[in-house]
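Residues per chain, in single letters:
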Amino acid sequence: MSQAAKNRYDRRIVLRAADVWKSYDEGAVSVLKGAEIECIESTSVALCGPSGCGKSTLLHLFAGLDTPDRGTIWVNGAEVNRSRNLLHLLRHEVGFVFQLHNLIPDLTLTENCLIPAVAAGIDRRTAMIRLLELSERTGLSHRLDHRIQKLSGGERQRTALCRALMNRPRILLADEPTGSLDEQTSRSVFELLLELTATEGVTLLMATHDRGLAERCDNVVEMHDGKIREHAGIH
Amino acid sequence: MIFLRLILTNLIRHRIRSLISLAGVAFSVAAMLTVITVLQGAVAMFENILSNDSGVIVFERDVSDLFFSSVPEDTAAKIAQWPMVAHANPVLFGIVSSAGHPIITCFGITPADTRISGATWLQGNRAGFAQQPDGVVLGERAAQFLSAGLGDRIQLGHAEFRVAGVVKTSNGFEDGGVFMPLASAQSFFRKQGTSSVITVKLRNKEDASAFKHMVDARYPDLIALEDTEFTHTYSQFRILKATAWAVGGCGLLLGGLGVANTMIMSVFTRIREIAILRVNGFSHMQIGAVIFGESAAVSVCGALTGLAVGAGFLFALKFVPALDGYIDPSIHLLLMSAVLALALITGIAGALYPAVYAMRVRPVEALRFE
Chain A
3 MSQAAKNRYD
13 RRIVLRAADV
23 WKSYDEGAVS
33 VLKGAEIECI
43 ESTSVALCGP
53 SGCGKSTLLH
63 LFAGLDTPDR
73 GTIWVNGAEV
83 NRSRNLLHLL
93 RHEVGFVFQL
103 HNLIPDLTLT
113 ENCLIPAVAA
123 GIDRRTAMIR
133 LLELSERTGL
143 SHRLDHRIQK
153 LSGGERQRTA
163 LCRALMNRPR
173 ILLADEPTGS
183 LDEQTSRSVF
193 ELLLELTATE
203 GVTLLMATHD
213 RGLAERCDNV
223 VEMHDGKIRE
233 HAGIH
Chain B
968 MIFLRLILTN
978 LIRHRIRSLI
988 SLAGVAFSVA
998 AMLTVITVLQ
1008 GAVAMFENIL
1018 SNDSGVIVFE
1028 RDVSDLFFSS
1038 VPEDTAAKIA
1048 QWPMVAHANP
1058 VLFGIVSSAG
1068 HPIITCFGIT
1078 PADTRISGAT
1088 WLQGNRAGFA
1098 QQPDGVVLGE
1108 RAAQFLSAGL
1118 GDRIQLGHAE
1128 FRVAGVVKTS
1138 NGFEDGGVFM
1148 PLASAQSFFR
1158 KQGTSSVITV
1168 KLRNKEDASA
1178 FKHMVDARYP
1188 DLIALEDTEF
1198 THTYSQFRIL
1208 KATAWAVGGC
1218 GLLLGGLGVA
1228 NTMIMSVFTR
1238 IREIAILRVN
1248 GFSHMQIGAV
1258 IFGESAAVSV
1268 CGALTGLAVG
1278 AGFLFALKFV
1288 PALDGYIDPS
1298 IHLLLMSAVL
1308 ALALITGIAG
1318 ALYPAVYAMR
1328 VRPVEALRFE
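Residue numbers (this note's numbering), protein chains in the order written: chain A, 3 to 237; chain B, 968 to 1337.
None of these hints come from the bench; they were simulated from the model.
Treat the hints loosely; a few may be bogus.
Claimed, not checked - With beta-carbon atoms standing in for the labels, derived distance ranges: (1) 1224(B) - 80(A): 40 to 48 Å; (2) 1287(B) - 151(A): 47 to 55 Å; (3) 1224(B) - 226(A): 47 to 55 Å; (4) 982(B) - 128(A): 32 to 40 Å; (5) 1224(B) - 102(A): 33 to 41 Å; (6) 53(A) - 1224(B): 41 to 49 Å; (7) 138(A) - 1228(B): 41 to 49 Å; (8) 1279(B) - 154(A): 29 to 37 Å; (9) 123(A) - 1205(B): 48 to 56 Å.
As the list claims (entries may be wrong) - Sample of chain B residues at the chain A side, in silico, Cβ under 7 Å: (10) 969; (11) 980; (12) 981; (13) 1240; (14) 1243; (15) 1246; (16) 1247; (17) 1248; (18) 1249; (19) 1330; (20) 1331.
Backbone N, C-alpha and C fix where the C-beta goes; we use that ideal spot for every residue, glycine too.
Work out the full structure, taking the sequences as your base and the hints as a guide.
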């Protein structure tokens, strides 16, 4: 094991799922069947596997957007359950990027990005400073007053990335973040994603089909039929 | 600011739907304002007829309508002798009809009544009143619709009368009425020796309580009420006012249902946005605030538009000659505030179910929903 990898192991585990089961339609559709995974802080982890293997479901469970039927989910060392302050989790601990940008089309880029700050009660000045910083780094500073409808697909996804990082979360969950983009745009958005998470020390857990992108992450986790099949080594 | 944008975005996005909803509230508020103001004006006019230069009204106890009240005529003369009484005038109310005019209010009064003594005479004069038993004085509007002037003969019901004068009053009912000498009215309506009410003016208002006790003691079949007491207790007024509020309330309820329908549509069409807000940390309360804010915006804009339309309509009614004197278009601030508050409450109540629905949206499921 390299020294860099050893240093990473010294860090704490920020995402952990232990024997997690999840089914829908009253048990008719089993999605997760005892999934187990651990993510170390400030690393990037790619979650690979065929459609329907439970990647998105696992991400939703980590964000507190859904609850497991069985098993335990930990985020930042604390269990995600009903007694956990899920609002705090969504506002301050976890950012989420979807395959579809999920921006509000009638609002401007600025307004969309300020939504998490408004939800968390962060004052407008502080939020604007953060937005200017992020928009500078994502190359969107000339688009701040533009409506989402006027932005290209890549710009929309970069906006979604800015919004997810607005409140400085320590964890970023990305569900096929480049899945709706063409190859070239997909590469550039992914580069940005890696760069931003690395420079901000954010842990990235990303569901993807794209093997090429997955290989660029620190760790690749294979999922199959609701289980984690294998962990590729840390680069 | 973002909150406001989130509230207004959906209203602007669905302009037609928002405008229809706003128009529903506006129409309801305008209807409520108009109906209540017109009826309150009518009640005020009737109150004015009764309280004309008096402070206390004496009439038959437990009577359902003043037209059915029967007070012995000599009682007025006796009450007039009481030391605290400045004057007491018997008034007999009746309804007469003429060709094409089935309902004309008739006032049987004495020459001392301020309707005659204080009137503005357009034709004839006070001295001509009660000089002849068949002489009647017409209100200005009655003279117009009966096409009659001084000295003309008119048919009222089964009898013919001669016009002894035309007076102008500020009261629509009186202006469209006929004034007969009390004795003639008693004979015409076959109510000899009685009047409907006695209007009493006291020398000192503070004697009202003592006066009422005296009436109670000496005339157990009669009741004396101060003008304000009468206004609040007379069942006809209460029925009229209750009807006005009920009609207006129904209108507002319909407006509220319109808002509810709009808000339900709004929530269903932006369910994905609500999920996005939830994923980005919006609490249930913050989601509810957006939905309630949207309904409040529709309600307030609708109510303000309705107030403007209603006020304009009432103002226009002032210039309709047929209604001259019947409509008092002055809108009370209290009524405006009450209508505004009701519109707002109705709008917010209409958003209750949609807001609860929105608060219960599960982001994961909603984001799957296209």
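Which hints from the list above does the structure break, by number from lowest to highest? 8, 12
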